[in-house]
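2 protein chains.
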Amino acid sequence: MANSSEIPDGFMPIEKPSSFGQLIGPVYERVDEDGSFTRALQVEDKHTNLGGVVHGGVLMAFVDVIMGTISYRHACRPGASIRIVSDFVAPARIGDWLEGRGEVVKATKSVVFARGRLNVGGRTILTASGNYKLQGRPHSGD
Amino acid sequence: MANSSEIPDGFMPIEKPSSFGQLIGPVYERVDEDGSFTRALQVEDKHTNLGGVVHGGVLMAFVDVIMGTISYRHACRPGASIRIVSDFVAPARIGDWLEGRGEVVKATKSVVFARGRLNVGGRTILTASGNYKLQGRPHSGD
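Protein chains in written order, with this note's numbering: chain C, 1 to 142; chain G, 1 to 142.
Next comes chain C alone, as it looks inside the complex:
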């Protein structure tokens, strides 16, 4: 686990992570002035594959969490991932401070189309797109 001294300013551990979020975390979040957010993960040994770099499953899980959160905050209701496309651009390594951001590309009443990007020090690690099927009924204002 990272020492608190290694956590960049503005990042706080996310509250109430899921069971799987706890398993791969701690995950940190920084909310910027415009309301957008950056999530971050300090890479540990537990995240690695047999090649000694971050397992692709960690990267896909992390970007799914980011895009799913963006979908939730945009639509104000939960969404289930129905398709995620992940492009692995470069490896991430133990000790790396892995950051991720995303955005809504388009939203209908039933599906949010999002995209995300993970980076280490500005260097792209993974890009992804994710489609989230919204659960329940839209709010009356929709």
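You can trust all of the hints, since none of them are fake.
With a Cα cut of at most 30 Å, we get these calculated DSSO-like pairs of lysine-lysine:
{"id": "1", "chain 1": "G", "residue 1": "Lys46", "chain 2": "C", "residue 2": "Lys46"}
{"id": "2", "chain 1": "G", "residue 1": "Lys133", "chain 2": "G", "residue 2": "Lys109"}
{"id": "3", "chain 1": "G", "residue 1": "Lys16", "chain 2": "C", "residue 2": "Lys46"}
Bear in mind the hints are in silico, worked out from the structure with no lab data behind them.
Since the structure of chain C is provided, determine the placement of chain G on it from the hints.
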């Protein structure tokens, strides 16, 4: 963790899992007479998202492990995932015995194109395709 009595005949824990494989495991394998294999995971609380079903990240990690193993066994050298497309068909739940299989669709000297499918009791949970860039030089026999 599953009781040994709950593990179907023929399945054995995989040897020497990666650090991340240990984190999400134990993962089991059954090798069939034709040399193909089925991997399996007993779903636990640690695999769940805030909705109480298996986190999409677990499903993507699991199918990546399966397709990556198929790529490795086919090409006899490691491959790095460069693109994975995951379609989430149905949720998996705590206690489910999640099985997965895959196959090589096409292999060149540098890339293996694979596909995979996860199921619970024959019900499809996720389908995926994965492209693996082979590392190092091909064997002289290639």
